[in-house]
Amino acid sequence: MTASSQSGADSQENKIRFILDGEMHTVGGIDPNTTVLNYVREHLRRIGTKEGCAEGDCGACTVVVAELDGDRVRFRAINSCIKFLPTLDGKELLTVESLRAADGSLHPVQRAMVDCHGSQCGFCTPGFVMSMFELYKSEERPSRQRLHDALAGNLCRCTGYRPILDAAQEMYGNGNGHADDDDWLRRPYSSQADAEPSAEESAMVDRLRSIQRHDTLAITGPDLAGGERSYFAPRTVANLAELVERHPEARILAGGTDVGLWVTKFHWDLDTIIYIGEVDELKRLEVTDGHIEVGAAVTLTDAMAAIGERFADMGEIYRRFASPPIRNAATLCGNIANGSPIGDSMPGLIALGATLVLRRGAATRELPLDEFYLAYQKTALEPGEFVERVRIPLDPADRQFRTYKIAKRFDQDISAVCGAFSVRLEGGRAHDVRVCYGGMAAIPQRAGNCERELEGSDWNESTIEAAMAALDGDYTPIDDMRSSAGYRRLVTRNLLRKFYLETSGFAGETRVLEHGR
Amino acid sequence: MKAADYYLDGPAPETPEPRQRQDRWGETRVVGRPLPRVDAYERVSGSAVYPSDVQLPGMLHAAILRSPHPHARVKRVETSRAEAMPGVRAVITHQTPGADIAWYTDREGATVGHLFEAHCRFEGEAVAAVAAESPYQARDALEAIEVEYEVLPFTSDYETALEPRAPAVRDGGNRASEPGVYERGDLAAGFNAAEVVVEETFRTPCELHTPLEPHGCVARWDGNRLTVWESTQGVYPVQSRVAQVLGLPLANVRVIGHYVGGGFGSKLRPGKYTVIAALLARQTGRPVRLFLSREETLLCAGNRPANRMRLKVGAKRDGTLTAIEFHGLGSGGAYSGSGTGILDWQVRDLYRCDNVRCTTENVYIHAGAQRPMRAPGHPQCSWALEQVMDELADRLELDPVELRLRNLASVSQGRGGIPYTSNGFRECLEEGARTFGWLAARSRARSEDDLARGVGMAGGLWIAGAGGPPSTAIVKYFADGSVNLNLGASDIGTGTKTVMAMVVAEELGVPLDRIQIEHADTATTQFATASGGSKTVPTDAPAVRAAALDCHNQLLDMAAEELAVAPSELKLDGDHVVAVGDPEKRVALREVSDFRRRQVVVGIGYRGPNPEGKATCPFAAQFCEVEVNRRTGEVRVLRFLGAHDSGRVMNRATYDNQVYGGIVMGIGLGLTERRVLDTGQTGKMCNLSWHDYKIPTALDVPADVTSLPIETEDVECNTVGAKGLGEPVTIPTAAAIANAVYNATGIRVWEAPLNATRLAELLAEREA
Ligand code: FES
Ligand code: FES
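Here the protein sequences come in this chain order: G and U.
Using our numbering, read the first sequence as starting at 90 and increasing by one per residue.
Using our numbering, read the second sequence as starting at 3 and increasing by one per residue.
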């Protein structure tokens with residue numbers, strides 16, 4: 090509790106600067122492992138933001154971070170319980186307390202929650218309000234289906250969600266035409282009205298610009314036992330590479346959705362953190378003729394939009410992958426690099442033939458993703474090396490690609506089995522076959538026997554039968570809490586069959602319906 | 003067996019009979035409307051202060067060291083290293099003077115375990131506790147406490163707990179009590195008369211409450227007076243237990259629980275954490291905050307026990323039930339909580355049958371203790387009973403709704419045949435089916451591709467939901483026409499405060515925004531039982547009504563003098579009193595001289611007794627449509643309808659909320675939720691986070707959920723005519739899903755949760 094914080098412009102280089110309710114907020118001398126949630130609740134005494142799990146599962150701690158996006162402002166709902174305070178540097182923080190007007194009147198989002206009885210015990214409510222606020226400021230009247238998606242990262246044990254979904258629909262009506270809603274933050278996003286930044290948005294942009302940095306942010310702060318911890322946020326890949334070489338012991342922090350848990354759940358002390366989220370080159374997401382290139386600091390939300398647009402099934406996997414606030418923070422590369430068990434997109438990426446660009450110092454190398462995983466929690470990364478970007482080749486036009494996930498629950502679940510298939514059909518035969526499953530071995534693994542069975546064969550029922558049988562030789566699945574080995578084997582075969590049906594003109598429905606259809 | 007037993011520690015105190023005559027409401031002006039919640043602003047603005055938000059000057063943070071083993075003996079605890087750590091202010095164990103407190107008792111009241119129990123009988127048993135300047139320092143200090151455990155063999159599978167080789171949980175073995183037996187009629191004769199018999203074994207999982215706010219409290223001493231801000235469903239049960247174990251007068255223990263972030267039965271009583279926080283606060287002379295981590299709440303803050311049920315039902319060709327035999331097995335953990343409490347109630351009571359035999363067996367296992375969870379026993383029983391009814395309908399080629407209609411009970415058979423004060427089960431079934439479009443949906447052909455659609459339904463009743471005394475409420479009517487309502491009950495999110503304010507508004511004509519509520523504080527409000535068991539509205543609303551009427555009558559008495567008209571000739575009209583027959587005769591309340599002198603009128607209301615020789619129960623029927631992927635076993639719930647007879651609808655919006663919430667909780671039980679214990683190797687719990695223990699999210703819930711109130715008029719149950727709602731809404735849900743899956747696929751899943759793994763295997767088996 091020795092942190093010194095102050096409002097005002099006299100920033101020092103080793104202090105964290107962010108905007109809170111329009112005012113600059115400076116924090117120095119704080120343990121860099123402090124989470125935004127703890128800071129908000131214990132230092133700012135803003136108790137509206139709740140802790141339900143401290144591990145990114147429930148969304149009770151959701152806050153919104155506003156950041157620069159060119160000359161515009163972008164809002165992201167994130168789980169504050171696993172976000173480290175220094176990563177707020179250069180951003181604006183909005184908590185549930187930020188939404189009320191100065192006279193205490195409620196924000197249109199909050200009014201909708203009142204009108205629709207979206208709050209019962211109320212403990213989840215501030216988190217929902219913030220997720221809804223992000224939506225309100227980012228999307229124009231989403232469909233009901235989209236609302237189910239957008240709010241899937243917030244758990245509620247009381248309402249059954251319906252009243253909250255109703256509120257999310259109603260809120261758009263609340264923001265128009267109210268005399269007290271002339272404030273930009275109280276008006277819903279509108280592609281028309283927001284085509285150009287409003288004066289208020291521009292003012293926000295200016296505020297944010299005033300606290301951007303051009304050099305590495307380096308801060309130190311006390312740990313619990315009187316020692317010292319450090320945190321670096323470099324701006325360039327060169328600086329990053331140099332820091333990683335200089336501090337091989339450092340933890341690389343991207344979205345923090347895994348690393349956050351190391352602190353909040355395992356109580357590990359992260360004495361040196363290098364945050365890559367501010368490195369310009371790594372924030373790039375590029376689509377060229379041949380590839381989608383996703384930098385290491387690109388969030389899953391952004392990566393999935395680009396990938397899902399070209400590969401619909403990947404979009405579907407991502408929709409069911411983690412929760413919106415997690416996707417807003419987590420990065421695709423972090424997910425790959427940590428060998429995170431929730432790697433439901435790995436089989437798809439491997440089937441698509443994705444490669445990784447790894448960097449150490451000035452040297453880079455490119456590695457196929459399926460050669461990156463060596464064993465459980467063991468990757469081909471060498472000391473001082475980090476993942477710079479992932480490259481996903483874009484289809485040859487005749488490529489058929491599908492990926493499917495089977496889990497106990499529709500979303501945010503570690504899949505029991507996840508399968509991905511890529512094939513080029515030419516003259517009724519299968520070529521360039523890539524089949525990869527997750528959940529069948531300690532790492533996502535290609536099905537060599539099955540691929541051999543399919544490669545060059547006629548694309549018909551009997552080939553598929555043989556390939557289904559060959560799968561048994563590819564994997565030795567295990568029984569665990571998520572599923573049984575028998576089920577895994579069965580579903581592995583059935584997913585291949587589903588792929589065949591979907592690529593051979595079968596007319597029936599093969600997929601569980603979406604909401605609202 | 004009384005449902006009330008589970009939320010009261012001792013015999014219920016009594017309150018006097020209400021002094022006011024309470025005529026039945028005719029048309030209501032306020033009650034029943036879908037009004038917004040009176041405390042909605044606080045909840046949506048983030049300004050509501052929950053117990054876990056309480057921050058006091060000098061407050062310390064505490065944490066509990068827990069046994070990592072399901073069964074172990076603590077041989078040595080060494081705390082010196084932890085005590086020396088920065089920021090650590092106190093470490094307590096069973097050796098600490100004053101902390102050697104008896105905690106567990108057997109059914110006779112004898113002590114069988116302590117606050118810090120050296121013989122740990124479940125993973126998560128408290129071994130030591132720490133208070134430190136920050137939460138992380140407290141957690142770090144726990145890791146520095148050295149404990150030497152003698153690890154002992156464990157029993158974590160309740161189904162094999164009675165086998166001779168199962169390690170004993172308690173000295174007397176693993177049978178927790180004599181088997182419970184209920185019998186009526188002649189079972190053998192009943193089965194002899196049967197033309198069809200269905201017999202099957204069912205299993206339901208151990209389900210966890212997982213309220214969003216973890217369990218815990220903040221404790222502070224002022225001299226010998228203790229104040230506890232506890233996340234609780236009832237401040238009075240916390241007060242009595244804390245006072246008892248700490249040897250304090252009740253008056254010295256103040257418990258405040260203005261907000262609570264959910265409980266679902268797991269916060270009806272205090273936990274060890276409450277007492278530990280108080281001890282640490284006393285030892286350090288500082289306020290102490292002790293809230294459990296999410297893992298701890300999953301591990302040892304209560305659960306709905308898993309059950310194995312065998313059910314055999316006989317019927318005539320026309321569907322008349324002739325005999326039901328039920329056997330249930332379960333475990334409440336290592337101590338006295340039952341694993342089969344009120345498990346068989348619906349078998350005894352829901353359908354008419356003369357020949358019934360129910361037996362229940364209750365065993366000990368080395369696992370965290372049960373706590374009542376939303377309709378204890380009932381959703382499990384429904385899972386069995388309602389699937390058997392569905393199967394029976396199938397074999398008899400009867401519509402499932404029709405089969406149930408043919409077996410309606412006219413009296414409460416489980417209570418010796420006394421009548422119900424009201425019974426809308428028939429209407430739940432009939433109107434529910436009509437509104438859902440049951441017949442049409444059922445006759446739709448099953449699709450023949452990978453996706454199959456089906457519909458299912460289930461009925462149910464909740465044993466309690468009548469409420470009853472004691473309850474005391476106070477209404478203060480101020481000179482400016484504003485009102486204070488004072489009652490001890492907690493608002494656990496169901497809208498208690500809102501509904502009670504509406505009752506006051508109904509009687510006194512005061513707008514809701516002129517009513518302020520004081521509640522859930524043992525120092526300033528009246529005694530109340532915990533909010534649970536679907537009894538808060540039927541218990542407290544009549545007391546509030548009586549208090550408002552008391553006020554009302556006093557105001558009329560005063561005005562009568564002023565106007566020289568008999569009080570019986572007067573009525574309240576906004577802030578005026580007028581003569582019924584002569585509207586010219588009116589006086590503004592503020593002009594009534596007696597009232598002007600007194601400035602405030604205080605009305606007291608008590609909850610009267612329930613009618614003698616009658617039973618009051620809420621009834622339910624739920625209908626749903628699902629879609630099943632025949633290749634992968636994935637199930638998607640497309641729509642749900644809940645038809646509920648809970649008597650009068652007090653507020654249509656809070657009512658519908660209960661229905662939606664209950665159904666979604668039932669979807670969790672039916673499809674995703676299950677505590678996983680590693681019964682083979684370690685006995686430890688495997689899914690200790692929400693990532694692994696799956697409750698439904700917005701993506702798992704149907705887009706279409708309908709609440710259909712069946713508003714039977716109940717003029718006898720109590721003076722507001724409302725019955726409980728919170729539990730019945732989750733009772734038939736899981737069974738309705740199972741029946742719909744059967745309708746879609748022809749496959750019955752006898753074991754919940756009905757997950758893709760199990761279903762796909764069954765589908766594949768059938769195809770093979
Ligand atoms: S507290 Fe649960 S996600 Fe942050
Ligand atoms: S209202 Fe209680 S958890 Fe959502």
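It is possible that part of the hints are untrue.
[Unchecked claim] In silico EDC-like pairs for lysine to aspartate or glutamate, Cα to Cα no more than 16 Å straight-line:
id	chain 1	residue 1	chain 2	residue 2
1	U	77	U	159
2	U	686	G	569
3	G	354	U	694
4	G	372	G	561
5	U	587	U	563
6	G	354	U	297
7	G	354	U	145
8	U	686	U	159
9	U	314	U	197
Simulated from the structure, these hints should not be mistaken for lab results.
Do the hints match the structure? See the list:
1. U:77 - U:159: 26 Å, violated
2. U:686 - G:569: Holds. Residue 686 of chain U to residue 569 of chain G sits at ~14 Å (cutoff 16 Å).
3. G:354 - U:694: Status holds; Cα separation ~15 Å.
4. G:372 - G:561: 41 Å, violated
5. U:587 - U:563: 12 Å, holds
6. G:354 - U:297: 9 Å, holds
7. G:354 - U:145: 13 Å, holds
8. U:686 - U:159: Holds. Residue 686 of chain U to residue 159 of chain U sits at ~11 Å (cutoff 16 Å).
9. U:314 - U:197: 13 Å, holds
Going down the numbered hints, you'll see the structure goes against 1, 4, while the others check out.
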